[in-house]
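Engineer: Chains as they are written, first to last, in the numbering used here: chain A, 380 to 722; chain B, 380 to 722; chain C, 380 to 722; chain D, 380 to 722.
If several chains are the same, the list does not tell them apart, and a pair holds so long as it fits within one copy or across any two.
Simulated crosslink set (DSSO-like; lysine-lysine; CA at most 27 Å straight-line):
id, residue 1, residue 2
1, LYS663, LYS681
2, LYS548, LYS656
3, LYS409, LYS690
4, LYS690, LYS501
5, LYS517, LYS681
6, LYS655, LYS548
7, LYS655, LYS520
8, LYS663, LYS520
9, LYS548, LYS609
I should point out that these hints are in silico values taken from the structure, not numbers from a laboratory.
Number of protein chains: 4
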Amino acid sequence: MNKLGTVNSDIGVGIIGAGLQGGRRAPVLKQFPGNKLVMTADIRVEIAQQLAEIAGGVATKRWEDIIENPDIDVVMVCTPPNLHVIMSVAAMNHGKHVLCEKPLAQTTKEAEEMISAARRNKVTLKCGFNHRHHPGIKKAKEWFDSGTIGEIDFVRCVYGIGGRPGYEKEWRANPNIVSGGQLMEQGIHAIDLFRWFLGDFSEITGFTSTLYWDIDPLEDNAFALFRTAKGQVASLHSSLTQWKNVFNLEIFGHEGYIIVDGLGGGYGTEKATLGKKAFFEPFKDETTEFRGGDDSWSEEWKEFLSAIREKREPLGNGFDGLEAIRLTNAVYQSSSTGSTVKL
Amino acid sequence: MNKLGTVNSDIGVGIIGAGLQGGRRAPVLKQFPGNKLVMTADIRVEIAQQLAEIAGGVATKRWEDIIENPDIDVVMVCTPPNLHVIMSVAAMNHGKHVLCEKPLAQTTKEAEEMISAARRNKVTLKCGFNHRHHPGIKKAKEWFDSGTIGEIDFVRCVYGIGGRPGYEKEWRANPNIVSGGQLMEQGIHAIDLFRWFLGDFSEITGFTSTLYWDIDPLEDNAFALFRTAKGQVASLHSSLTQWKNVFNLEIFGHEGYIIVDGLGGGYGTEKATLGKKAFFEPFKDETTEFRGGDDSWSEEWKEFLSAIREKREPLGNGFDGLEAIRLTNAVYQSSSTGSTVKL
Amino acid sequence: MNKLGTVNSDIGVGIIGAGLQGGRRAPVLKQFPGNKLVMTADIRVEIAQQLAEIAGGVATKRWEDIIENPDIDVVMVCTPPNLHVIMSVAAMNHGKHVLCEKPLAQTTKEAEEMISAARRNKVTLKCGFNHRHHPGIKKAKEWFDSGTIGEIDFVRCVYGIGGRPGYEKEWRANPNIVSGGQLMEQGIHAIDLFRWFLGDFSEITGFTSTLYWDIDPLEDNAFALFRTAKGQVASLHSSLTQWKNVFNLEIFGHEGYIIVDGLGGGYGTEKATLGKKAFFEPFKDETTEFRGGDDSWSEEWKEFLSAIREKREPLGNGFDGLEAIRLTNAVYQSSSTGSTVKL
Amino acid sequence: MNKLGTVNSDIGVGIIGAGLQGGRRAPVLKQFPGNKLVMTADIRVEIAQQLAEIAGGVATKRWEDIIENPDIDVVMVCTPPNLHVIMSVAAMNHGKHVLCEKPLAQTTKEAEEMISAARRNKVTLKCGFNHRHHPGIKKAKEWFDSGTIGEIDFVRCVYGIGGRPGYEKEWRANPNIVSGGQLMEQGIHAIDLFRWFLGDFSEITGFTSTLYWDIDPLEDNAFALFRTAKGQVASLHSSLTQWKNVFNLEIFGHEGYIIVDGLGGGYGTEKATLGKKAFFEPFKDETTEFRGGDDSWSEEWKEFLSAIREKREPLGNGFDGLEAIRLTNAVYQSSSTGSTVKL
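So here's chain A without its partners, still in its complex pose (with noise of 0.2 Å):
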């Protein structure tokens, strides 16, 4: 991977799952001269030639093509999540590095798998938590980076989406494929952010409910609480039946808050905001917007291919992905045996 001069270097990429992710990933290395998307596969082979045709290179039904293909040096692996650490491991064992989606394996023990063949096999192992690089998200830990808002006091989420007709016949809604929920499948994104500003959590406590959506034992609306061992506490809902997408996520500290709302498109206007505790004064606060469209998934494959080239680990790596599996599974499992899990 000597190759990897810069993020722009001449290197080869191959996408396992031209579905939604894919069709998001995909047209991204557009972006970056030199990269070139070299093979796409999916067991559906029609849609992967409708992605090799808008975004480069040649289509296959079988994944195997792309692990063993040797001018691909970086595979995506943007499949569903029962089939994700089969497909990584084979990539790493054959010298690519991996972006592999979130979650970022069925179980915590697969997930342990996928860190231990990237370090086996000196390769970069990278979970698709994009959330980290939406602009209004790296301006709020920025912010928090500087101190503004001082230590943390609490951090809220509500993620949340309203599903559409048919949602229970889709691969989301098979618990053979996942292993969980709406709260596995997107509040996991919520769950690896309140590590990056929180650190590690002591006890984890939450309900599930599956009303609305006929994809029961999989739940439609998890709440859950995380605390710290100092006790500040992270609050997350994560939705299905929200009928407006919104997305929140807010963090307050003993100087001031910061709030991030919107995520662009569906969800609204990006917009960071930061306030100031003042006593004495009528509540103030900054805002900013990010109008433009949605830039994560390009900032998430450039942090990628940097720590290729600086052979470190990259935001969002194996073991925070390893992490949010395993917080999500204490919410689970809180829910359904009545105690607060400790970890």
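Got chain A sorted already, so can you dock chains B, C and D onto it with the hints?
Structural biologist: Below, chains B, C and D without anything else, positioned relative to chain A:
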């Protein structure tokens, strides 16, 4: 009490406690011709005098003067919670109707005593849950009752303020006077509203924390989850470190959602929003803004007088006051024991 | 008037006109220890009595009683515009300081008489332009004066209400009592603010219309454009058919912009926003919310008392009152003649 | 043109001008199966080639190649305004239908020539007023046409951007190429919408100014007022010094109001709001958010193809293009002469 022919009948009112809440409730009487503030009691007799000058009647240092005054038909108990039971029961034993501030008492046992006293003396006891009378919340209840959003999937509420310097020295921070922190003091309004919309809960979990204000063992933040037997979840965050005041109540059902944001004044313009689920349309909702002042106090008073006259239970009665304390205590218990509390 | 040592000095106040404006201004006096409402006059003596009960002093039917009362140092003239000149001049001739409602008079000639009377009698005359004392507008002026947005390019203001049934029968709709419609009645506040920010104007054009309310020859809508000698334009829409109350003032300069939205109460929470020009950054601005009640009346009163004490012209003095009428009349002239009016 | 059976029929398209507008319009064709981009012309042939690579067809330096190409049925003229008349007329003389960017021409005389050419050659001429096809504006028109707000009292529009460094060197700032500043370039969309909602105007007044950008004699700000024979006023501010992009169109009628805010992308989420007059109720309105991308270009294209097929005038036809220029010129004339222009 036959003279209570209408809400504007000649009735004599006594107020015990001339602090913040007494000061809010007293001026309301002027809107009801015939209602007369006869006496205000406070051990700090000078503030009782101030209130009397503004709102009428005489001042006293002894609350017993109010209990014993034959010209007084109705007593408002606006003292700290540790005094509620003794004052309210004494007033009811003297045949007075009582509107007592929230939390109704320090313990469920005390609340039960108060309910018994009301029954025994055939008088009306009301708990000061004025939020049921806020225009946005009333509108929300009407929409919900008319079936607009169908069966509830979940309810969310964030209710928070930022406190003020010296808060740790106020009686609200004194565990001898109060029996809980921010959740018991303010969040209890939301708990009462949860019960109003969802009825009984069967499981409660939550985390409390005390990180900013020096008020341990009382909490400055409480995160609570309530689940009905059907599986519906209500989520509450009650905060004393919310640097910009917020009240936000969201009720999502199978067919749509209702949002109440703001309470006027320091919480911003009160707005009620109704949206219907529509998978194939752009997001759409309607909003009513209540830009005027807060009339919840007079609406609550009117309801109380009507209930007395009609010899029926008022909205937010003694039992509601009792149950809100029980649920609040369950959150405290869950947070400290690490177990979901089953009711 | 030597006794006016501070704004809290013992001074006697008389109010002529106990209607809407008198009712707003009278209660303010209680915030200034030493200020005393001595007498309120209204030909509808019963409303003068009502105001006296609430705010103190005695009531009279004859406004001359106030002029002649030696205990009164300051007179507020809160009557319809056709009475301003006679009452104000009489009061000043008796040595009283006068705060007179806007519009200062029915004509510029009358306004000039009032200014002369003030000079001749060495008393202070103030026009009731309370908007200069709204917290958002004061904040805007501070930002502007500190150079934050640089030289002004343009100013925009929309100020409107929806009237109320029967408006056409109010004195505001009677051309014998008033000398203009919505622009003269309410829009004149914005014109005064335009002058405050931009100074003198040299050209005025505009259109008025009367389409909804049966108040012809008075206008229910006025669109007015004012241009300074430098070419800066201020645009105003003053409306009586704006079904949802709005006040929005926007000041754009070479380096940024200031927006004041809302006036509290029926106009929604008052907010002041500051944004800086930044070609290569996402849009960003800071906002201060003034969620409390409207304190412009007390701030205006404080300024008036300070000006009297300091023997200086107050903010919004007689000349400002005169000029605002002149500019308003120029709009009317332009609309009817089809020519830009040059001043 | 018999082959234009449906909007998805096989038709050949040529684009003259591969700059900003050509780049926006070309990709739309892919949404219409059968529509084929045959050729793109630009004197900067390299950008024509770039567009051809993305959108299909071949590139040429000579616009005449498009006019003369028998495979091309429809021509989009996306060049600066000074070239519109010669290119459009030539295309129509060769039997092509023409969609020409706004402003339709540099002068009303040129616009009339273009209309004549369309009639003479029995082809369809459309002016690129894509705003009529924005979802919020379409919704506004539907609401209005259904009588929801009754007869119009007034219309307001603010439409502004902040320009970009070097603007004074762009062709948009070259008076040899354009015939007006910001009003002619962008504000003309609002003028077209005014005509769509209100029909003909009889009087126009306004002020233009050039204070920030070094583009004199072109204006960077224009304030224009248009009055119908009935007395309805439409007010427009078109700005190149609006540091935060804004598009806000408000239509107020006897019974209610419609507001369109935002155009998506850099103008923020597009929203359409409908409120009804209600004197005795709190303010209430309903809002639809169009969070997706801007589909006005494809909707406009569909309308154009439908009009060709149905042999009818399209929405935003040549006459609309002509009238918008006439009204724009009237604003310029009023500002410079100091007289209201009567049409």
